[in-house]
Amino acid sequence: MKRRKPFFLLTCLSLLMIACTPEPPMPEGVPVTDPVQNPTYSGFYLLNEGTMGANKAILDYFDYATGYYQNDVFSKRNPQVVDGLGDVGTGLYVYGSKMYAIINGSNLVEVMDAKTATHLASLQIPNARSAAFANGKAYFSSYAGQMQTDGTQLGFVMEVDTVSLMLGRQVTVGRQPEEMVVKDGKLFVANSGGYTPENYDNTISVVNMDSFVEEEKIPVAINLYRMFLAPNGTLYVSSRGNYADVASNLYAVNTMDKTVKALGKGVTAYAIKDDVAYIIDIVYGPAPLYQTEYHYYTLQLNTQQIDNSSFLSDDVKKQIVYPYSIAVHPITGDILVTDAANFVTPGTLFYCNVQGQLQWKQTTGDIPGSIAFWQ
Amino acid sequence: MYADMVVVSSFDTTKIYELEEIEFAQPRRKASVAPLQTMDNKTLTLLNTQSVADAIRFFSGVQLKDYGGVGGIKTINIRSMGTQQMGVFYDGIQLGNAQNGQIDLGRFSIDNLEEIKLYNGQKTDILQSAKDYGAAGTIYLTTKVPQFTQGKTRFTATMKAGSFGLANPSLLWQQKWSENISTSVSAEYTYATGRYHFQHKKIAPNGALLYDTTMVRENADINAVRTEAAVFGKLYKGQWKAQVYNYYSQRGLPGYVARNVYEHHQRQWDDNFFVQASFQKQVLSFYELLAKAKYAYDYTRYLNPDTTTQYIDQSYRQQEVYASLANAFTLYRWWKVALSADFQWNYLQADVKNFVFPMRYTGLLSLATDFNWQYVKVNASVLGTFVSETLQKGVASPNRNVFTPAVLLSVRPILTELFDIRAFYKRVFRMPTFNDLYYTFICNSSLQPEFVDQVDIGITYRFQWAGKVLESMGIQADAYYNYVTNKIVSVPAANPFRWQMMNIGKVRVIGTDVSFDMGFRWREDWTMGIKGTYTFTRAQDITYPNSPYYGGQIPYTPWHSFSALFQLGYKGWHLHYSCIYTGKRYEQSANIPINYVEPFSTHDLSLGKEWTGKRCHFYVSVDVNNLANLQYEVVRGYPMPGINGKMTFKVTIE
Chain A
75 MKRRKPFFLL TCLSLLMIAC TPEPPMPEGV PVTDPVQNPT YSGFYLLNEG TMGANKAILD
135 YFDYATGYYQ NDVFSKRNPQ VVDGLGDVGT GLYVYGSKMY AIINGSNLVE VMDAKTATHL
195 ASLQIPNARS AAFANGKAYF SSYAGQMQTD GTQLGFVMEV DTVSLMLGRQ VTVGRQPEEM
255 VVKDGKLFVA NSGGYTPENY DNTISVVNMD SFVEEEKIPV AINLYRMFLA PNGTLYVSSR
315 GNYADVASNL YAVNTMDKTV KALGKGVTAY AIKDDVAYII DIVYGPAPLY QTEYHYYTLQ
375 LNTQQIDNSS FLSDDVKKQI VYPYSIAVHP ITGDILVTDA ANFVTPGTLF YCNVQGQLQW
435 KQTTGDIPGS IAFWQ
Chain B
4 MYADMVVVSS FDTTKIYELE EIEFAQPRRK ASVAPLQTMD NKTLTLLNTQ SVADAIRFFS
64 GVQLKDYGGV GGIKTINIRS MGTQQMGVFY DGIQLGNAQN GQIDLGRFSI DNLEEIKLYN
124 GQKTDILQSA KDYGAAGTIY LTTKVPQFTQ GKTRFTATMK AGSFGLANPS LLWQQKWSEN
184 ISTSVSAEYT YATGRYHFQH KKIAPNGALL YDTTMVRENA DINAVRTEAA VFGKLYKGQW
244 KAQVYNYYSQ RGLPGYVARN VYEHHQRQWD DNFFVQASFQ KQVLSFYELL AKAKYAYDYT
304 RYLNPDTTTQ YIDQSYRQQE VYASLANAFT LYRWWKVALS ADFQWNYLQA DVKNFVFPMR
364 YTGLLSLATD FNWQYVKVNA SVLGTFVSET LQKGVASPNR NVFTPAVLLS VRPILTELFD
424 IRAFYKRVFR MPTFNDLYYT FICNSSLQPE FVDQVDIGIT YRFQWAGKVL ESMGIQADAY
484 YNYVTNKIVS VPAANPFRWQ MMNIGKVRVI GTDVSFDMGF RWREDWTMGI KGTYTFTRAQ
544 DITYPNSPYY GGQIPYTPWH SFSALFQLGY KGWHLHYSCI YTGKRYEQSA NIPINYVEPF
604 STHDLSLGKE WTGKRCHFYV SVDVNNLANL QYEVVRGYPM PGINGKMTFK VTIE
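Protein sequences appear in the order of chains A and B.
Counting from 75, one number per residue, gives the positions in the first sequence under the working numbering.
Counting from 4, one number per residue, gives the positions in the second sequence under the working numbering.
This is chain A alone, in the form it adopts within the complex:
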């Protein structure tokens, strides 16, 4: 034993030296691509929904400067938050210096610092669906409105001050409201009526943002869902149809004269860069095979022109089991598509360049659903 002592001391000493050597902090996560010098956007966050009841909403982060992808940043940065990010994360938005994650199953909106993903507040908004932002205010649509005497339920929109993070005014809209758009001092809300498939809602609610009351309803089509705006002011709204004899569709709405034009395409997921919308449409085949087809197309927002040639390369399309969401880098035009696979195993993020060719891919959490860039 005695003879081993010097060796033992030496080991301790060298260990001590290693421990004392100052090293730059290792970037967290895994390297997935080459670092980018002076990136225009620092990175992006990806919110994984997780199946309902699993309490598995997971926030991932990719950092351009290091090329590292990190799974589950929220629980790492906020270990003190009881039960983590929560159940079913359905929407992710960056507005100003803050990031908002709709945690639908947990009946809250988690507000984080966009740079660090540290917890700032939990807004108690039950069954929130979607968000829109304007003039320092956030607007959240929710299914959890008043019950009507006929058994149907109305939705509402909640206004939140993005500085004080206090819940503000609330307005009742149509049934099961989904996405929203702010235009000319008005809030347009797509109502789905998804709780009553035999009697879908078919209107857009128009809310005056000064008085915060619903001014009028524009009838468009049943089961409205997605909503976005063209730079020239054209309002687009998608209908999911009734999954039977009424097909899904996309409508261009003139908000002045309330005229509606059907474009004959469905929208499952979309992303917008400048005046182009990148759209994924999942088309469901007839019985008994129920063959599902995925259509990738682009829409010129100002001209309403549709280009059916895919924005993804065949190589990428082949690898995707179930395309679930899409995002486009606001400057470079890189295309990000997520694959939810079978929804109960982790999904995949496909990072493609502007030509739709795969740059890298990375395993995410269960059901990767929303992506938000952080400058």
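Because the hints were derived from the structure by calculation, they are not lab data.
Any given hint might turn out to be false.
What the hints assert, rightly or not - As a list, the in silico DSBU-like pairs of lysine-lysine whose alpha-carbon atoms are at most 35 Å apart:
id, chain 1, residue 1, chain 2, residue 2
1, B, K356, A, K332
2, B, K68, A, K150
3, A, K392, A, K339
4, A, K335, B, K356
5, B, K574, B, K471
6, A, K435, B, K147
7, B, K68, B, K147
8, B, K147, A, K339
9, A, K291, B, K574
10, B, K204, A, K189
11, B, K205, A, K435
With chain A fixed as given, assemble chain B onto it according to the hints.
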């Protein structure tokens, strides 16, 4: 005794239980060629579990999904083949649920049960209905048969009370009307608030406490009433039985726990009613007959009053008519053949918009043969199942005609030793349930049946030493391979909010079930029993060949699990200790850290005393469950109770 591994029969403790019972249905010690595990009345009394599901945990090869609490759902899965591949028989007739194919064994009290049997493969009584051949694994619940030591009337009153606000009185009246006719009437009421504390705690890698909150499980209350009556008749070379059963319950559904979701408000009302009868007679020296009939009515109302999510108030009514005729012919002393024909009708009604009101006609025909030589027993059968469906609107599932075979073999190499080697092959299928076919938003009436192929090889060995301290010892071990194809799984359709059922699942299972028991007796008054089981399961999800998670262990299936029972008896005192260990599991077939579910073990202790007065017999016990006060989950998001207790007082007057 041949091959009938009554693993717990050595728990022979009380004078009162040693009394001979009237044999009903099958002679009890008939040989089983298939792997069989039994839990008899003595063990059930000492285990004193709240439900059948809690008792079945002590069998090997069983996975229990327990959502916690007195009213929580408890479903059993045998050898990882899926809950719906399992058949549960109540006094010889299968309990049906055409709607979702699941039997919640948490609803069956052990109060009026004589024994529980679990067969892998199938029961091999030659005189049995076609339905007995129709499941991959079967559980037989047998109710108590009237027994009398003196007089003609016997009353038993039991009161249990304990944690979760449990109050559980029951009454049993057994009456002998003549040598050939006796009756049994029983009633049981179960009330519990279902409230218990659970803890969410997180500790940082450096040991610092990040949070530690204790919450109360809410909306887990239950009110349930079970009433049952039966008439038992004896005939010359035969017997008959008629019974009526009703179970009414209303309960809260405590639901999952997630961030900011610590309370649910959903409620459920159930009424399960059935009336059934069976008749068995040796008509001729070579011909035996067994006839059965049943009518069942099941009502379920589900209410979600919470307008945060979707308000739902739906009622379902299921009806079933069943009739069976089984015929067994003894051609030689060693050769029997049997032919059975069953008919079943199911109808489901609901007050749901656009409901299709499915009606199903099922015909079952089984042909079986049994060779019983000195060294070898062979049981071979083929089951034909013919299903036809009609709907009020829409396209019904096409007619299905399916034939499934089974061969079971048992060899006893040395006649003087109770040592048997056995093997079986069985192919079996299950029809898609009404929910599978017609409940999802996108009806998929073209769904195919789900198939299982099972191969099993095993041994049983039983030693008996009369008069020795170690009276008996038994071991049985099986290795098996199961292959599930066309497994019905739900997958997202065009819209991720709308899921549909597809026949795409494939599961491959390799496993081992081992169980052993020892019975000791010394100085007349002392008895000791030890029983243990061990289960190894490798159940791989091989549905998606291109998935990186291909071959992962299927959800909630531990690789290793074991159970142990220890029982000591002395002059009417009983000390009973049991332990369950469930190894690591994953909640999804992606076996990654985030889906990891911690192993757990629970320890239960019970002390009881019984004594006999002039015309009375008393039994008092105190049970403490989860002694270590472990915070654990069987299913992620459904916290289980910590340490809890129960007192039982039982009196029998004769």
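request  = Return the numbers of the hints above that this structure violates; sort them in rising order.
outcome  = 6, 8 and 9
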